[in-house]
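**Q** Now for the letters of each chain:
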Amino acid sequence: MGLNSEQKKSGISFDVLELDRTAATEEIVTSIQSVVLKKFRKRGAVVGISGGIDSSVVAALCVRALGPEKVHLLLMPEGESASTDESTELGRSLAKSLGVEPQLEDITSVLQGAGCYERRDSAIREVIPEYGPGWKSKIVLPSVIQSDQFRIFSVVAHSPEGQEIKARLKPEGYLGVVAATNFKQRTRKMMEYFHADRLNFAVAGTPNLLEYDQGFFVKGGDGLADFKPIAHLYKSQVYQLAEHLGVPEEICSRPPTTDTYSLPQSQEEFYFSLPYDQMDLCLWAKNHGVDAQETGAALGLSAEQVERVYRDIEAKRRMAVYLHAQPAFSGRPDGATS
Amino acid sequence: MDTAGNQKKVRAFVVENLLLGEEENDFSDSQSFLESGLIDSTGILEVIAFLEEEYEITIADEEMVPDNLDSVDNIVAFLQTRRVG
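From first to last, the protein sequence lines are chains A and B.
When the letters of the first sequence are read in order and numbered with my numbering, they come out as residues 1 to 338.
When the letters of the second sequence are read in order and numbered with my numbering, they come out as residues 1 to 85.
Possibly wrong hints are sitting among the right ones.
With a cut-off of at most 30 angstroms between alpha-carbon atoms, the simulated DSSO-like pairs for lysine-lysine come out as follows [stated by the list, open to error]:
hint	chain 1	residue 1	chain 2	residue 2
1	A	K170	B	K9
2	A	K96	A	K38
3	A	K38	A	K219
4	B	K9	A	K316
5	B	K8	A	K170
6	A	K316	A	K170
7	A	K316	A	K228
8	A	K70	A	K39
9	A	K228	A	K70
Calculated from the structure, these hints are not laboratory results.
Chain A on its own, in the form it takes in the complex (with noise of 0.2 angstroms):
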């Protein structure tokens, strides 16, 4: 990540997520050994891999720590994604780097019968009432950046013939939708555990710090592992990672995506502020209480937008504390009355 001359001399700069890699490979590398095989008495880890950063990566580390034979990798391409075929290519060519041979699973019928793509048509076609076969569509959220307007959901949808339709979602329609696409990383992970109680084997969950702290996942979903060995690490830091693990090329310089619509949809349209880097940045900055003065400088933004960046990044954390919560108990589950 280069920095310009307005970067250079601010007071904080991309420096602060350079990682020691080999000590932090090394460290993960003992944490998953210890996890997997001592704690849990596992025998290896399933990692579903999806072509993107987090996954390789993690794959990668589980690879090192267990041995290529210990790794179950599961590709789970759905009929829709945009990005399916593409996802399940490079999840493959991952693999293959890694030594694995992955197993293929389509989950599109298990989505199907689920009702996943019927349920969400019928929540979309509430806005857009001429949805239906052959149209695709995303949800998308107005930038932070550019106003202080609230960040509205909206459903974009394109019709078979091209034509392109907007609408901002009500809240039945947004739940619903949501809900309807959440069987997506619900139904991965059915599959993950499948094979892990299958194999004996450990879950491992894929998300960065960015999406862990920020509550990007779905509960029950990609949210749920027995071990998470890169949540501690910013995003721009599972990059340094994939480089130094030796990722294929074309998983490190692919843009990162949701890879849950139909329609292709970047991770800032429909969560975060700023792209990945900057928005790794502003965490780091926040959490270590730098003023939005000094970080915008950094960034190119001004001290108005970044405080709209740390206000969005607090909003998200409240979200969070629901996604991260352990099970809420009425009383003690150990049998003692007091």
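Assemble chain B onto chain A, guided by the hints.
**A** Only chain B this time, still in chain A's reference frame:
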């Protein structure tokens, strides 16, 4: 235009839908929904849907800003500019 009536109606909506069991007496009409953590992305959708349905108005994207929607007082002032209620 019934400003007092709007104030009562909007406050009742907020108490019912955003306070979620918190003590009503501790909540003032000037309190920021954002700063007090009362509102999330679903909450703001609910506020907008309530205003659009109750007052039969359409709120434009550029009107969806904290100055218009971030407290009972702000909402009432916004409704005044739209001359409804």
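**Q** Is the straight-line distance between the alpha-carbon of K38 of chain A and that of K219 of chain A 30 angstroms or less?
**A** Satisfied, since the Cα-Cα distance of roughly 27 angstroms is no more than 30 angstroms.
**Q** Is it true that the CA of K316 of chain A sits at most 30 angstroms from the CA of K170 of chain A?
**A** 20 angstroms, holds
**Q** Going straight from one Cα to the other, do K96 of chain A and K38 of chain A come out at no more than 30 angstroms?
**A** The hint holds at about 28 angstroms.
**Q** Please work out if K316 of chain A and K228 of chain A have their alpha carbons no farther apart than 30 angstroms.
**A** Holds - the C-alpha atoms of K228 of chain A and K316 of chain A are around 20 angstroms apart, at most 30 angstroms.
**Q** Would you mind confirming whether the straight-line C-alpha gap from K228 of chain A to K70 of chain A stays at or under 30 angstroms?
**A** Holds, at roughly 17 angstroms.
**Q** Take the C-alpha atoms of K170 of chain A and K9 of chain B, compute the straight-line distance between them, and say whether it is at most 30 angstroms.
**A** At roughly 20 angstroms apart (the allowed maximum being 30 angstroms), K9 of chain B and K170 of chain A satisfy the hint.
**Q** Keeping to a limit of 30 angstroms between CA atoms, is the pair of K9 of chain B and K316 of chain A held or broken?
**A** 29 angstroms, holds
**Q** Does the alpha-carbon distance linking K70 of chain A and K39 of chain A stay inside the 30 angstroms limit?
**A** 16 angstroms, holds
**Q** Given the hint that K8 of chain B pairs with K170 of chain A, test it: the Cα-Cα distance must not exceed 30 angstroms.
**A** 24 angstroms, holds
The earlier numbered hints are all upheld by this structure, with none contradicted.
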